[in-house]
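> Just need the whole structure built from these sequences, with the hints factored in.
Residue numbers (the UniProt record's numbering), protein chains in the order written: chain X, 1 to 309; chain A, 1 to 209.
A portion of the hints provided could be inaccurate.
DSSO-like, lysine-lysine: derived pairs with alpha carbons at most 30 Å apart [said to hold, decoys possible]:
1. 76/A to 201/A
2. 59/A to 142/X
3. 133/A to 25/A
4. 161/A to 4/A
5. 59/A to 132/A
6. 25/A to 110/A
7. 25/A to 34/X
8. 133/A to 59/A
9. 161/A to 201/A
10. 59/A to 141/A
11. 132/A to 274/X
12. 59/A to 4/A
13. 30/X to 142/X
14. 133/A to 203/A
15. 11/A to 76/A
16. 193/A to 57/A
17. 203/A to 34/X
18. 11/A to 203/A
19. 274/X to 203/A
20. 59/A to 11/A
21. 161/A to 142/X
22. 274/X to 204/X
23. 11/A to 25/A
24. 57/A to 4/A
25. 141/A to 110/A
26. 203/A to 200/X
27. 141/A to 274/X
28. 133/A to 110/A
29. 203/A to 206/X
30. 44/X to 25/A
31. 193/A to 274/X
32. 203/A to 25/A
33. 44/X to 11/A
34. 25/A to 4/A
35. 142/X to 203/A
36. 34/X to 200/X
37. 161/A to 76/A
38. 274/X to 133/A
39. 203/A to 44/X
40. 132/A to 203/A
Calculated from the structure, these hints are not laboratory results.
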Amino acid sequence: MTLFPLHGALLGIWAILGAAIVIVFWLSRKNTGKDYSELVQRTKSWWVMIAIFTLCFLVSELLSIIVFALISFLALKEYFSMIPTRRADRRVLFWAYLAIPVQYFWVADAYYGMFAVFIPVYMFLFLPFASLLSQQTEGFLKAVGTLNWGLMLCVFSISHAAFLLILPPTGTNSAGGAGLLLFLLFLTQFNDVAQYTWGKLFGKRKIIPGVSPNKTWEGFLGGVGTTLVLAVLTAPILTPFSWEYAAAAGVLIALAGFVGDVTVSALKRDLGIKDAGSLIPGHGGILDRIDSLTFTAPLFFHFTRYFFY
Amino acid sequence: MLQKLFYIFVKIGVLFLLGLNVRRKELLPASGPAIIVANHNSHLDTMVLMALMPLSKLKDIKPVAAADYFFSNPRKAWISEHVLGIIPVERERKDKTWDPLQGCYDALEKGQVLILFPEGSRGEPEQMTGLKKGVSFLAEKFPQAPVVPVFTHGLGKALPKGTFLLVPFFCDIFIGDALTWTGDRASFMEALKDRFAALSKEKNFAAWE
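This is the structure we're talking about:
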């Protein structure tokens, strides 16, 4: 059973989820006056999300790639639904959606060269061309800019998480690509939770009030510390990293996760909305959940690829 | 049977290709007689509203639609009647000897739920036009039937008039409190208009130029 470490890690994640459920239950029992419905809803949603990913990890690589393609689709749809678009660009949006199956085909095909350039080069050049065919130049620049940015954020970035899956096992890492992906997802999401929790408990000094008034230095640094420790602890099970590399990866994920989070916050603030959608009860839309991942996935992927492949 | 099968596909399509953000689904009438009034942007409007209902109820939910469009040829008429369950109304009445809303009266009499688009036409996507008075005649005749306003946004972006290319968008469906008969038609229409205005202001919708 070569995947044994992966199973152990999945069990560990379920144990953390179980602990979270017990804590939330205990909290809502202790302070009956306070409203914990959002926290309960959030925890329930975590349960569903972790169940989906566990299933993917256990069934097959291909299923996981398809699920990531679906996540990209939902995220892009959310993005296109919340930004201003032009009627003339309906067809262009359609092409942008079609880029998703193509990009994930490169992933499944392990065609790294094409995977790395398809969206930033070919879609980048093609979308403006598709847009000019409507011969409506008013708002052209804005349309092309916003559509390309959405494609980069929701499809290109996220597809890097899926590409981790097809990295082969190495001598020091029997969990292979799946282990790396689990490492990335676990740390990115746990970093979000940790930054939030540290901020709630000790948050005082605002870090970037113009964009995200609830983010504090205490939350940020607490998150970085927690993620660093978790990275060092879990790396031997899931990755080929020695502790120095694990620590670096932990800090990278914590920093990039924070930047991804506030970047999507800036976008939402510009559009005057609180949540990108309402797909995940307690969390908001899918973009609200994967905002950090849009930054951590490509950076962690290149970190790993540069040093270990 | 055919209708149920069709709406199983529609429900799946709506779930994956569109994705709905429904607010206050519990306000939709569970049984008739009742009238659902919605703004009209797309052919998807009817299908999405029907897809919100449980399959077992579909046979008692009747979209009211233009006879000149949906019954313009035998094939369309057959689908409109047997799959979509449409009640036809004449938009331009030539024969004044009978009431064009008779089909609607019969359906309400039978305790069915009507889906009505008082704008009369899909028109320009995502722009509301004036409401036609037909609904007030129905409300006057059936004062016990609640009139439930439903405001939708996004369906006109996904499939506007004059195209067959469906582009995925998340769509908002806001359901308002039911209106009951106010006593006269003008004040009823005014109240309905106000409900729609309030529903359409619930969210900052992305611009669509």
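> Can you list which hints this structure breaks, lowest number first?
Hints 1, 2, 11, 13, 27 and 38 contradicted; others consistent.
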